[in-house]
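Engineer: Start from chain A and add chain B according to the hints.
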Amino acid sequence: MIKLIPRVENSTLMVLLSPLLALTLTALSAYLIFIFVLVDIPVSSVFFTLFVEPLIDSYYFSELLVKAAPLMIIGLGLSIGFRAGIWNIGAEGQYVMGGIAGSAVGLYFYNVEALWLLPLMTIAGILGGMFYAGIAAFLRIKYQVNEILVTLMLTYVAVLFLSAMLQGPLRNPSGFNFPESRIFHDSAMLPIIWEGTRLHIGLIVAIILSFVAWFGIKKHMFGMQIKISGSAPRAAKFAGFDDNKTVWYSLLISGGLAGLAGLFEAAGPAGQLTPGLPQFYGFTAIIVAFLARLHPVGVLFSALLIALSYVGGENVQIEYNLPSSITQIFQGMLLFYFLACDILIKYKVILFKT
Amino acid sequence: MSNRSLSSVVKLSILSVVLAFTSNVYADPVKAAFVYIGPTGDHGWTFAHDQGAKYVKEMMGDDVIITTVESVEENSDSERVITSLARKNDIIFTTSFGYMNPTIKVAKRYPNVKFEHATGYMLEDNVSVYSARFYEGRHVIGKIAGRMTKNNVIGYIASFPIPEVIRGINSAYLAAKSVNPDIEMKIVWVYSWYDPGKEADAANALIAQGADILMQHTDSTAPMTVAEEKGVYAFGQASDMREWGKNAQLTGIIDDWGPYYLERVQAVKDGTWTSTDVFHGVDSGMVKFAPMNKSMPKDVRNEASRAIIDLSMGKIHPFTGPINKQDGSPWLAEGETPPNYPDLLTMDFYVEGIEAKYPN
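Chain order of the listed sequences is A and B. Using this note's numbering, the letters of the first sequence map in sequence onto residues 1 to 354. Using this note's numbering, the letters of the second sequence map in sequence onto residues 1 to 360.
What the hints contain is simulated information worked out from the structure, not anything from laboratory work. There may be inaccurate statements among the hints.
Said to hold, decoys possible - Here are the simulated distance ranges between beta carbons:
{"no.": "1", "chain 1": "B", "residue 1": "K105", "chain 2": "A", "residue 2": "Y110", "range": "39 to 45 Å"}
{"no.": "2", "chain 1": "B", "residue 1": "P29", "chain 2": "A", "residue 2": "V15", "range": "50 to 56 Å"}
{"no.": "3", "chain 1": "A", "residue 1": "V157", "chain 2": "B", "residue 2": "E263", "range": "41 to 47 Å"}
{"no.": "4", "chain 1": "A", "residue 1": "P191", "chain 2": "B", "residue 2": "G41", "range": "38 to 44 Å"}
{"no.": "5", "chain 1": "B", "residue 1": "E263", "chain 2": "A", "residue 2": "L16", "range": "55 to 61 Å"}
{"no.": "6", "chain 1": "B", "residue 1": "D63", "chain 2": "A", "residue 2": "S325", "range": "55 to 61 Å"}
{"no.": "7", "chain 1": "A", "residue 1": "L149", "chain 2": "B", "residue 2": "I316", "range": "39 to 45 Å"}
{"no.": "8", "chain 1": "B", "residue 1": "E58", "chain 2": "A", "residue 2": "F211", "range": "55 to 61 Å"}
{"no.": "9", "chain 1": "B", "residue 1": "I316", "chain 2": "A", "residue 2": "I193", "range": "26 to 32 Å"}
We put the CB at the ideal spot given by N, CA and C, even for glycine.
Pulled out of the complex, with its shape left as it was, chain A reads as follows (with noise of 0.2 Å):
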C-alpha cells in the first residue's frame, strides 16, 4: 500500500524546480508517444516544429506573445481570486462580458476617430467584466450561493447574449445578415507594438499589471488579507478581516481583468465582434494560474508556456498532418505532471505491506 505523509519542510530548490521537472517529464513521455505513433516521420523534427521553431520563427513568435496576452491577464486576476479561496470559474463569462461592453461602445462611436475612443472602450470591457463578476459576488455574500456554480453557469449565459447581441442590436448592418459586427475603425483597435505582425499593447499592459500586482500583494495589506482567507479562515477572521470584502475584491479584480482581456481580444486581433470571441481563455488561465502557483509574475511565464502548447501544436498539425487534439495532450499532461510534483513536493511517499 502507498500512504502520503506531509513533510515537515518543503524543499525550496524544489518548489522552485518543479515547473522544470514537469516540462522535462512532459516532454519525455511526449517523446515515447512519439516514437510509438509515428512511423514514417523523424520524432526530433516534430519536436522542433513543436517547441523550438515558434520560440525562433519571428512570425510564429509574435504570434505566440499575441496567444499568451489574454492567458496573462485573466491569469494574473485568477491568481489573485485563488490565493484568497475565491473560485471564480467562470473568467470566460466575464472575458465574453467584457468584449460585449466595450466593442459596443467602440461600434456606438463608430464613425468617430479621437483619442479617447480606446480608453473608454477600455473602462467599458473592464466594466462590464466586473458587473458579470460582481453578480456572484452578491449572491455569494447575501445568499451564500457558491461561486463556482454561479460563475460558470454564467458562462453559457454569456456566449448566448453574445449570439443575441450579434443577432440583433451589434449585428453589422450591411452584413447579410451573417451575425458578425463592422470592423472596428482603426481609432478602435489597439495600437501595435511589433510592425508587420499583430502584436498589440495588451502584452505590455500585461507584464506592467503583473508587477503592480506582485508589489500590490507584498506591500499591500489587502495582499496579506487574501492570502490569509484563503490559507487560513478562521484566523482570518479573528484578525478582524472583513470576510465580504475579500469576496467583493477577488471576484471584481478577476472579474475586471477577464473582461479588459475579452476587449483586448476583440480591439486586437480580432478586429470585430464575432461568435468566436470565446476560445476557452478564461478556463485555459485556470490551468496557468495554477502553473504559476498563482504568483502573478509567474503568470507571465506559464502563460508564454501554454501559447507555446497551442502555436506548436498547430503547427505539428500544418506540418505533419496530426490531429489538432495533440494541443490538448500536451496541456494535461502538463497540467499532470506540474500536480504530481506537487504532491511529492509536500508529501512523502510511504509503501508499506498490509
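Structural biologist: For chain B alone, coordinates are given in the frame of chain A:
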C-alpha cells in the same frame, strides 16, 4: 559600350529571374491547403470537404501536395492558421463562413497566393467565393418529408440563423407544404455547427414534441443515430449517413466539392486561375443525393427523382411565387423567382405558414 551591354545583360537576366518567379505556370507540384471548421471525422460538412481534397489528390497525384488543418475555430486563431498556410502554399480553401475576414486580411498580405472562401460574400483579386445551392437539396427532402410523415410534424435542427440556413428551412417547408397542406415545422437552434451532444438533445426534444421526421443543418451524425434509435425518419447532411441510420435515413443531401476543387487547383497549375463567384446546384453536381431508402413507397421515390431531374434541368425553382413572408406581406408574385442578390443571399425571414418565431 561593353559596360552598357553588360548592364543590359544583367537587366535581362534579372528580368528573366523575376519572370520565372512571377510566371503563373507551375512546373513544381501545386501546393493546396484546406482549412476545416470541424474534425474530418464529423461525417458531415468537413468530411465532405475533405473528400473533395482527397479527390484532388487522387486525380492529380504527384502534381499536387495537399495540407489540411482541422477543427480551426472561427476566431483570431484562424488568421494565424491561414497565414501559416499562406507562407507555404499556392492556393488555400477556407471552408467556413467565419473565416471570411481573416481570409481577406491574409489575402491582402499575400497577393501571390490564391484563396477560395466557402459560403462568404467578399471578393478580392486573389479571393474567390464558392457555395452550393443546398436549398435545392432541401426542396427534394422537403417533398419526401411531406409524404412520409404520419404526424405531419417535421423537426428541424438548425445551427445559426444565417441566410444559408434560413433558405434551407424555407425551401424544405415550402416543398413539404406543396405535397401536404397540414404540415407543421418545429425548429430547434443549437448555435453550433458541430456539437453531437446538443444535436442529439435537439433531436430528442423534437421527437418528444411529435416530430416523426428529422432534418438537420448541423454536421454530426448524432441526430441520425437518435432517429434510428427512436424509429423515426431523417436525412443525411452533407454526406451519406446511412451507416448511422440504416432504417432512418430516407436519403441525404451530399455536397460534392471534388470536381470544383480539382478545377481550381488545376487552374492554378495552368496559370489560368481568376477570382470567381460560384453558386452551383444540382445541375452541376455540386449538390447530390444519397441512395433513396428502399422502404419508401415507389411513388414517393419517383416524385423525388422527378424533382431532382427537374432541378438539374433548371425546370423548377424551389422558390416560385406566389410566396408571402411569415407576417403575411408579399414576397414573390405568381410565377416569380427570386434573384440571388439580395433575396436569396441575405434571406432573413420565414415564409408564410411556418409558425416558429424567427430568432432575433
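Engineer: Does the hinted range 38 to 44 Å hold for A:P191 and B:G41 at CB?
Structural biologist: 42 Å, holds
Engineer: With respect to the beta-carbon atoms only, verify the hint that B:I316 and A:I193 lie 26 to 32 Å apart.
Structural biologist: Violated: the Cβ-Cβ distance is about 58 Å, outside 26 to 32 Å.
Engineer: Just tell me: holds or violated, for the beta carbon distance of B:P29 and A:V15 against 50 to 56 Å?
Structural biologist: For A:V15 against B:P29, whose Cβ atoms are near 53 Å apart, the range 50 to 56 Å holds.
Engineer: Could one say that the CB atoms of A:L149 and B:I316 fall in the range 39 to 45 Å?
Structural biologist: With Cβ atoms ~54 Å apart, the hint is violated.
Engineer: Per the hint of 55 to 61 Å, is the separation of the Cβ atoms of B:E58 and A:F211 within bounds?
Structural biologist: With a Cβ separation near 57 Å, B:E58 and A:F211 satisfy 55 to 61 Å, so the hint holds.
Engineer: Given the range 55 to 61 Å, decide if the beta-carbon distance of B:D63 to A:S325 lies inside it.
Structural biologist: About 32 Å separates the Cβ atoms of B:D63 and A:S325, which means 55 to 61 Å is violated.
Engineer: Does the Cβ pair A:V157, B:E263 satisfy 41 to 47 Å?
Structural biologist: 46 Å, holds
Engineer: Is it true that B:E263 and A:L16 lie within 55 to 61 Å of each other by Cβ?
Structural biologist: Holds: the Cβ-Cβ distance is about 60 Å, inside 55 to 61 Å.
Engineer: Range first: 39 to 45 Å. Now tell me if the beta carbons of B:K105 and A:Y110 are that far apart.
Structural biologist: 19 Å, violated
Of the hints listed earlier, those the structure fails to meet are numbers 1, 6, 7 and 9, in rising order.
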